[in-house]
Amino acid sequence: EKNTSNIQEGIDNLNKALQLRPDYDDAMAYMNLMYRERADVQCNDPASRAADLKTADEWVDKTLAVKKAKAEKQPGVGGITMGNEGK
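Position one of the sequence shown corresponds to residue 1 (the numbering used here), numbered consecutively onward.
It is worth saying that the hints were derived from the structure and are not from the lab.
Among the clues, some could well be false.
In silico BS3-like cross-links for lysine-lysine, where the CA-CA straight-line distance does not exceed 25 Å [as the list claims (entries may be wrong)]:
| no. | residue 1 | residue 2 |
| --- | --- | --- |
| 1 | K54 | K73 |
| 2 | K16 | K2 |
| 3 | K67 | K2 |
| 4 | K68 | K54 |
What follows is a set of in silico ranges between Cβ atoms, one per label pair, in the way DEER data are often shown [claimed, not checked]:
| no. | residue 1 | residue 2 | range |
| --- | --- | --- | --- |
| 5 | K68 | A17 | 15 to 23 Å |
| 6 | D23 | L53 | 34 to 42 Å |
| 7 | A65 | L20 | 35 to 43 Å |
| 8 | R49 | E9 | 18 to 26 Å |
| 9 | N3 | A47 | 29 to 37 Å |
| 10 | A71 | K16 | 47 to 55 Å |
Note that the structure is a prediction, hence the values are computed from the model and not measured.
Built from N, CA and C at the ideal position, the CB exists for glycine as well.
Model the full structure from these sequences, guided by the hints.
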């Protein structure tokens with residue numbers, strides 16, 4: 001089917017993007033969506049559908065982990081601090 005080949009092309013392109021930038025969280029989020037689309041197309045094959053949904057869930061977990069790691073690397077927001085600084 002045309003949809004199946006388009007979905008596979010999307011997955012292939014996102015894999016290339018992730019090879020270039022392994023921490024590309026937007027590409028990871030789209031991988032989740034592509035696998036969910038593929039699961040919908042493969043509704044006649046329960047095993048393939050379940051495998052694609054499991055893979056999609058794994059991409060959600062990876063996306064969240066990368067976003068969390070990036071957020072932790074961001075410098076803290078400045079503001080009033082209490083303590084003995086400068087004494």
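Right, here's what the structure says about each hint:
no.: 1; hint: K54 - K73; verdict: violated, 29 Å
no.: 2; hint: K16 - K2; verdict: holds, 21 Å
no.: 3; hint: K67 - K2; verdict: violated, 33 Å
no.: 4; hint: K68 - K54; verdict: holds, 21 Å
no.: 5; hint: K68 - A17: 15 to 23 Å; verdict: holds, 20 Å
no.: 6; hint: D23 - L53: 34 to 42 Å; verdict: violated, 24 Å
no.: 7; hint: A65 - L20: 35 to 43 Å; verdict: violated, 19 Å
no.: 8; hint: R49 - E9: 18 to 26 Å; verdict: holds, 20 Å
no.: 9; hint: N3 - A47: 29 to 37 Å; verdict: violated, 19 Å
no.: 10; hint: A71 - K16: 47 to 55 Å; verdict: violated, 26 Å
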